[in-house]
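Protein chains in written order, with the numbering used here: chain A, 1 to 513; chain B, 1 to 502.
No lab work stands behind these hints, which were simulated from the structure alone.
To be clear about the criterion: a stretch of chain A counts as covered by chain B if any three or more of its residues have a C-beta under 8 Å from a C-beta of chain B, and this derived list gives those stretches:
(1) 128-137
(2) 342-349
(3) 466-477
Residues of chain B clear of chain A, computed beta-carbon distances all greater than 12 Å:
(4) Gly158
(5) Leu200
(6) Lys203
(7) Val213
(8) Ser231
(9) Gly270
(10) Arg287
(11) Ala306
(12) Trp472
Computed from a predicted structure; not experimentally measured.
Every residue gets a Cβ at the ideal spot worked out from N, C-alpha and C, and that includes glycine.
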Amino acid sequence: MKLNHLAIGVATAVFLTACGGGSNSSNDDATNGLTTSGELNLDNVRSLLDTNADIALAAYNDSVATAEELQDALASFRADPSEANLEAAKKAWLVAREPYGQTEVYRFRLSPIDSTDYDSEDGLEGDINAWPLGEALIDYVQVNTSDFGDDQIGVTANGAGVNGGGAVDSENFDDTSPKTNIIGNTSIVIDQDLLSNTATADDEHDVIAGYHAIEFLLWGQDLNDSAGTTDGTDRDEAVKTEGASNYAAGGDRPLGDFIPSYDADTASGNDDVDASYDSSVESHRRHKYLEVAVEKLIADLKSVRDGWVEGATYRTAFTTISSQAEAREKLAEILTGMGTLSEGELAGERMQIAFSGNSQEDEHSCFSDNTHRDIWLNAEGVSNSYYGTYAGYDSTLDGTDNETASAVNGYGFDDLLASMGELQLKSQIETALSTTAAYYTEIDTAARNGSPFDVQIMAENRTSDSSVAKTIVALNAQSKIIANIAEALDISGSVVDEEASGCDTESPTESCD
Amino acid sequence: MKKRQVVILSRQPKAVTDRMLSNFKPALCRLSAFILIAFSLGCTHEPEPWGTLAQEHKPAGEATVAVPRPVRFDLPVPQLSDTQKPLFYAGRALAQQPWVKAPTATTQRDGLGPLFNARSCLACHLNGGRGEMPDKAGESLFTAFVRISVSGLDEHEGANPEPVYGTQIQNQSVSLSSQLGIPPQPGELQAEAHVSVRWLEEKFRYPDGHETVLRKPEIVIRDLSNGPLQSDTMMSLRNAPGMYGMGLLAAIPEQSLDALADPQDKNSDGISGRRNQVWDPVSQSIRAGRFGLKANRPDLPVIVAAAFAHDIGITNALFPHQPCTQAQPLCLKQPDGNDEEGTELSNNLLNMTVNFVRDSAVPASRLGEQHIAGRQVFYDAGCQQCHQPSFVTAGLPGAEYLGQQTIWPYTDLLLHDMGPGLADGRPDFLATGSEWRTAPLWGLGLQRKVTGGRLSLLHDGRARSVEEAVLWHGGEAAAARNYFIQLPMVQRRELEIFVEAL
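Here chain A stands alone, though its shape is the one from the complex:
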């Protein structure tokens, strides 16, 4: 390894150097077989940026659309709380995750998901997709003194509903003690204010909003630790996956938690008035929570999506370039998102921690056991950004993208590298992306065959040749090549984070302020 890797993407993700990094636009370094002229074709870069923005718009549009379908499914479930409608709502949630998962590559680059002004880290990501969830604040959870010890039965066997089954979180307390969750404390008004003000408290997130709050309310805690297919009467024979959508069952919240429900007052024409809603009835409160949470989710997704619409301030700022430095800066942003998601977020914070933590439910979608799709879709997003393509999403949950109305096929890094003659690098990254895809497909296949991610990371399965381990290694390998692409594009050498440094590398003798 060369010593001057400092100036390049040292931590694999791509960083912009500050003042003093200097300009080095005639990189004739042949270490990676790279021979760049140093000059980027700005029209090609514009095509790449436009495609990158088009994909974001399409995937966020699909995220909004599927969230609206989830809203419809939740409304039908409220109108008629049947097993079939609960199943339909769960399926709608799983479908909603399909396009959203592909958008996560737009994180870590101050795009609208993370920033409202392309500068501050004040975006809505925490409201939309934060995790771990503060589930004990929302609804009843299983209590036992050793926490997830040997006495896990309860929720799955609790077909009679919340309080009847005894699996209520005040078990450790006196009878006089308060209901310590939002559903149970009927004096708390469940509305947008509750979720908005609490989900984004000033200091950090109390995670009670977003996809995973809805997931928890639909599925309940996943207290299964077996891949077996059983009737759910005890821990060793927990409910499992065969009959469920996506073959992923996870938690098994009893239908009784949602009965009775209330009618929306459609006659009045005022959506805010629910004629028969009784805030003292816990099952009503669960429906209300779902209603409010999905409404907020849709609003938040729209807000992010709107930053990518043609003419929007962010999109214009992102896609408009007039110099080599600007071109490199924008490309660096995309590569930062790709590299950071590959290595730090997905391989590290979402997979390695679960893999090494001996924590079965330490997984992204722990209630629904849909984590295998999170992994697939996050990794697919990286590939989308590279190839400049978006194939749509999968609404039938069979692993094939059948909703292709908003598919994009544009100009990607593959085209840019080809135009620059960087064929060896192009081949390296494409091989790496295929390798990653092969391994995450193994995780997905195993999950569909009855061993969801939380089973794949159980102690006996935690081996270095497991699909999970191989996916982690492959993601790391691919992020290194992403850093090499940054080097080939000479990104780090010429982009100055002028505000951080306050000085100008082109005129180093000038004052920094």
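Chain B: place on chain A using the hints.
Frame of chain A, contents of chain B only:
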């Protein structure tokens, strides 16, 4: 001392950097060793005490990373292997993702509180950097808290906990009412208090007539949950310091720090840095302190484990008790998030978090030619006597790659009497109520990019700029501060710009 020429960064810094590293590295090590000796003897002989711009561009040697955008201090040092990197990020997840109230199905992530100051490490150590003090009176503290103790010593001769509230006021509780900010129901665990500050402003007038406004905090505590604090309670407001580069600070050899200490001020330079002597729960013995604002923790595992237990309420093998005293039965009654090891954070995960802290890299400096004048002011004022520019590290077990690096942290990690203006009056082991550990300066200016252009410097975040921080320096630093205030404004500004570029 007259200005000296230094190596000027060329237009092709990568090439320069390469040459510096491949050809000059042994010389560089000798040079740094010499610097340390020269300073401790009060010698002013050649060579220059500072490094070349190329050297100081990498304040953590090979453990430096380019400045990322958005700015963050929680990125891995470049030397990590392919197998270490995912573990680094796993550790970061433990430091970054919010801990949640027990019980949850996510068993390794629950056990928050019951009383706590923050839900995660990085909630206060913003992006791995420093915290931010609110300007507004009455606004709840998020990245800062108040340490408390009463007269006397604890069993290990450290600060003596307040009998009801312990050693710090936890201003959050896991209860629903506390989380939602609604009035508590009977029987619900309340946060220990609402804590805020009121800023008392005072004008400072330079000899040249220029004026600036300084502020110091008045701690405001209301709604104490278990009655008033004992009458002799001592309070110390603490803003979260940066977490990056701590592995390199840990890798500075003990003897390098011991050599800098001069408790009796034998060289009569008015500066008597000394080391704290603190309790180590691992070895069950007294060791030299290195980390913490009063150097009250001996090493990384202890300071990380202590912060988990006291700031977040996550028990671990080193600090196995919930943050509740016997006088807080409702707190003791809350469900815990214990695993089969009997704590909320297993040793495996604690080590992972410690290694994350150890391996968090220092961003490159932004030093250029335009900072040479400010650097001269820094050295002429004598700032470097405590803000020791450079050390050569030794390897740490399991992190040999952090060794043999020439680093530029600008701290001696020693306790110094900073005078009455900064005193908190709360002793901690050997550290008196007016002693503080010299703060590292590396990466300081980048903090502005994390906290919306603002700085909250010094132990309680009172200083909004390097200038204000310097003006608060007293005690052993009085001479340097007095030199500073006599300077023309241009030079004062040059010093600030230099420090912010480190």
